[in-house]
Amino acid sequence: MIALENVAHSYGGGELLSDMTHELVPGSFHFLTGPSGAGKSTFLKICYGELVPSAGRVHLFGQDLRTMSRDAMADTRRRIGIVHQDCRFLDHLPLSENIALPLLAAGRDPAEAADDLRALLDWVGLGSHADALPPSLSGGERQRAALARAVIMSPDVILADEPTGNLDWEMSLRLLRLLIELNRMGKAILIATHDLNLIRTAKAEVSARVLRISGRRLTTAGADL
Amino acid sequence: MIALENVAHSYGGGELLSDMTHELVPGSFHFLTGPSGAGKSTFLKICYGELVPSAGRVHLFGQDLRTMSRDAMADTRRRIGIVHQDCRFLDHLPLSENIALPLLAAGRDPAEAADDLRALLDWVGLGSHADALPPSLSGGERQRAALARAVIMSPDVILADEPTGNLDWEMSLRLLRLLIELNRMGKAILIATHDLNLIRTAKAEVSARVLRISGRRLTTAGADL
Amino acid sequence: MIRPGTFLQRAEGNTGRVVPPSGFTARLTIFSAAAMAFLAVFALALALAAGRMADRWDAALADTATIRIAAPQGQMETQTAIVQEILRTTPGVTEARVLPVEESRALLEPWFGPDLPIESLAIPQLIAVRTAAPGFDAQSLRLRLSAEAPGAVLDDHTRWRQPLVRAAARLRSLGFAAIGLIGATVAAMIVLAAQAALSANAQVITVLRLIGARDAFIARAFVRRFTLRAFGGAVAGTALGMLALALMPGDPATGAFLTDIGFHGAEWLSPLLIPPFAAITAFIATRAAALRRLKELT
Amino acid sequence: MIRPGTFLQRAEGNTGRVVPPSGFTARLTIFSAAAMAFLAVFALALALAAGRMADRWDAALADTATIRIAAPQGQMETQTAIVQEILRTTPGVTEARVLPVEESRALLEPWFGPDLPIESLAIPQLIAVRTAAPGFDAQSLRLRLSAEAPGAVLDDHTRWRQPLVRAAARLRSLGFAAIGLIGATVAAMIVLAAQAALSANAQVITVLRLIGARDAFIARAFVRRFTLRAFGGAVAGTALGMLALALMPGDPATGAFLTDIGFHGAEWLSPLLIPPFAAITAFIATRAAALRRLKELT
Ligand SMILES: Nc1ncnc2c1ncn2[C@@H]1O[C@H](COP(=O)(O)OP(=O)(O)OP(=O)(O)O)[C@@H](O)[C@H]1O
Ligand SMILES: Nc1ncnc2c1ncn2[C@@H]1O[C@H](COP(=O)(O)OP(=O)(O)OP(=O)(O)O)[C@@H](O)[C@H]1O
Ligand SMILES: [Mg+2]
Ligand SMILES: [Mg+2]
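Just so you know, the protein sequences line up as chains L, R, X and G, in that order. According to our numbering, the residues represented by the first sequence are 1 to 225, in order. According to our numbering, the residues represented by the second sequence are 1001 to 1225, in order. According to our numbering, the residues represented by the third sequence are 2001 to 2298, in order. According to our numbering, the residues represented by the fourth sequence are 3001 to 3298, in order.
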């Protein structure tokens, strides 16, 4: 669904990512690791089209990123759930409306999905914070909210950048279980993380592949992880 | 140096923290854990006076928080190094100037400390990013920069809120070693974290105490951790 | 401080909620629009008064002339008749009126006092002539008069008119310049306020774009809000300005231009153009700024 | 678009760097200051012109009177002499001048033409009187004249003066109102722009406060920058306004008020007060806003 072909990127200085080829297919589960500053977030941004790579081709759901219209790009984004590393919200809207925002943007009535929304909030442990404004949330609560917003539309692909960095182990497992559940429904999942325990736990339940960015290259980590 | 006495806090709703008494003495090393949303960040904010607790007394370097003048508070902050959970910088200044900012605020000439600054940047692995603007840094790079800014003045107390959440294990260890080094120089260190591996590693090197917030109370975790 | 009324909020509907409802950019937009509208009302009144005065001068002087007949008592009537006959056949003369003695006396009164023994004076006979600009040729009339009625002299007021007409022209351009100036300032203030709001809400825009909102959706939320704010502010400013003008103690008796600033009759409708102008400016400015900003994001 | 020159940056020194150097709030502040200063220059010119005209009317009319002596040819000289004698002993009369025939004729010329046989007319003798306001009593002079020189009539121009003096008074207040209005708008715009900048830089303030910067340090960085921006903008606006006025084609020959908008001589110094006013306003507004905002943080 998302295909990168010989992609390279540089932010102006030296090349950060070189010659990366990868494809996300339905039902796949990937982890992305690599040292801090290696380019994991950059890789994810290329995957959902926030960044246009300096070289190579990106296809989103069959369309070439370079020839896509802006509206086609917006429509494509609705099929991709994104958890940004620095979770950003509309600070003036209560949490529940923030999480329902993708519905509004897609022209659907958020009221229809009220039940789903409530169940989702409860699952990520934010049931009692539905009316809180985002700036009053704790770091971990923001991450959970970002994940909830990413999955509310039940997208085909979920890209999560460090979604458990501020979470305790129990809550991390809870989120992992939600993602595994979605993966079993056929969604493609890609999680950038530093948490090796999380990766190990996931591998015990689903056939997850671990990608590694090191030395500007994308490699597949072996069983040694 | 920082003493909390029967401190309680609520953000308007129910009580979040109850009857907490604790003192940070020179040379002490503490970890603070607890589930996401338990109040770790709130506890730290009370420690450096960003929040005035709803009940109880806080003494910073012997002065009562409630009777401190605003200027005295500013001067006290220079003796406390803070790593915020969401690391914020002045986005228009290059990283090196951001890290040297506490010197400027204290009325010292940042140029004097240029060598320290360079050594510190290299230690946290940001030597090549000295001229980068904060918005172009990766999540982990921001956290490292925040820690560098917190220690540049060589403060008596260092309070770090989840300083390794976006860092790989090697880099986390590097930062931990820096903090242990500072602790051996007599600084008091308090780190809020979810990373149990980090706590275990630290305990092997220094006599660190682990505090836990659970059920609104502050408890000391035993050796079972 | 002027605040957006609930009607503004209601008019925005659901989409508008994605933009923060108030804050400093809201106040800034509303205040700029109101202040500029207020000033614009005064500039408009000034320009209209200037135009009125220019018209008055033009009308009063441009198309009038005076013929003065100085002749011995006996010949006065004959010459007057001859001149009238000449005028009747002169192209471009629309009206010729022999001034009765009372009017001549009224003209002289300021200088001689009411008890001037006008009958005993051999004062000249005055004929007020009204002309139509294109057809009238003062030079040829002068030639005919000197040939047929040697006592008659044509005064086409050129001497008085020239500087006044110049002044009137300058006055008109001054009025238009003032309006243009205010208009440009309104537009610039609104553009800047819109840009300020977009910058302040950069995060809102980024978030919306990332969750798959189309450009039109995002732009609409901002454009609607800003258009309404600018309109609301301009309505308030215009209303205040008109109120201030209406309450200004009028003194039309003096007839002096400067005390005549204000609107007459249908002119009261003209400031009503200000709020739509502000709204259209805000619409265009915000739309352009929003779309430009969105283009920066993929 | 007006941009802060390097001189502004240099003037700010090291502390100022902690506030972002440009961006929309900078443009907004500079533009508001410039636009308002530009308008203020015009308002000032208008007010000064209004004041000038009011002064002219007052001076020209308030202290003058005319005495008209209509008498049979033989008695004219006697009565003129009597009136002169009376005026010499009237308190408050500073000057009395018997108008020579040429001047009377010049006054009449517009009506009768240059070839008026003035010698043959029994036109009244005019005496122009200049009076000093407090001591002069028109009523008692009138009584003395009717007793001693029955052909003499005093015209103290009250009929002409009253409405003009009223108009002048209104004019003055209009001028002051315009200046006050512009001044209030400048102040409000700068306050709003300062608040906008503080809101936009909330993060800067929080960061600075957390790393132990004192309130004075933080406030100074903002206040300095804003004062300089407002000053710079106002200098630019004032300069542009003065340039526009200087380039406006002058036409003082007509003497009409409206074409006389501009500065005369030392008046050119008065708009130089605008930039300091803007700077002081910005200083006070930004300082108050910054300290208020800081109080919200611990
Ligand atoms: N907009 C930008 N302009 C310039 N350099 C950038 C920009 N964004 C990122 N970089 C640089 O590119 C490198 C990779 O950044 P990226 O955010 O992809 O790293 P990451 O692997 O996600 O790291 P982390 O684990 O710390 O989040 C970093 O060194 C960063 O400084
Ligand atoms: N300004 C605020 N207003 C209201 N509630 C707040 C505010 N700040 C925090 N809270 C609430 O207080 C609780 C504790 O927040 P805090 O940030 O201290 O948690 P934390 O222990 O640091 O969590 P995390 O590990 O997720 O960072 C959370 O439920 C949060 O929603
Ligand atoms: Mg990253
Ligand atoms: Mg926290």
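Rather than coming from a laboratory, the hints here were simulated on the basis of the structure. For every residue, glycine included, the Cβ atom is placed at its ideal position computed from N, Cα and C. Check the hints yourself; a few may be wrong.
What the hints assert, rightly or not - To give a feel for the contact side, a few chain L residues facing chain R, derived at Cβ under 7 Å:
1. Q85
2. L133
3. P135
4. E141
5. T201
6. A204
Unchecked claim - Covered, in the sense of this in silico footprint (three residues per stretch, anywhere, with C-beta under 8 Å from a C-beta of chain R), are these stretches of chain L:
7. 31 to 38
8. 151 to 160
Which constraints among the numbered hints does this structure fail? Numbers only, ascending.
2, 3, 5, 6 and 8
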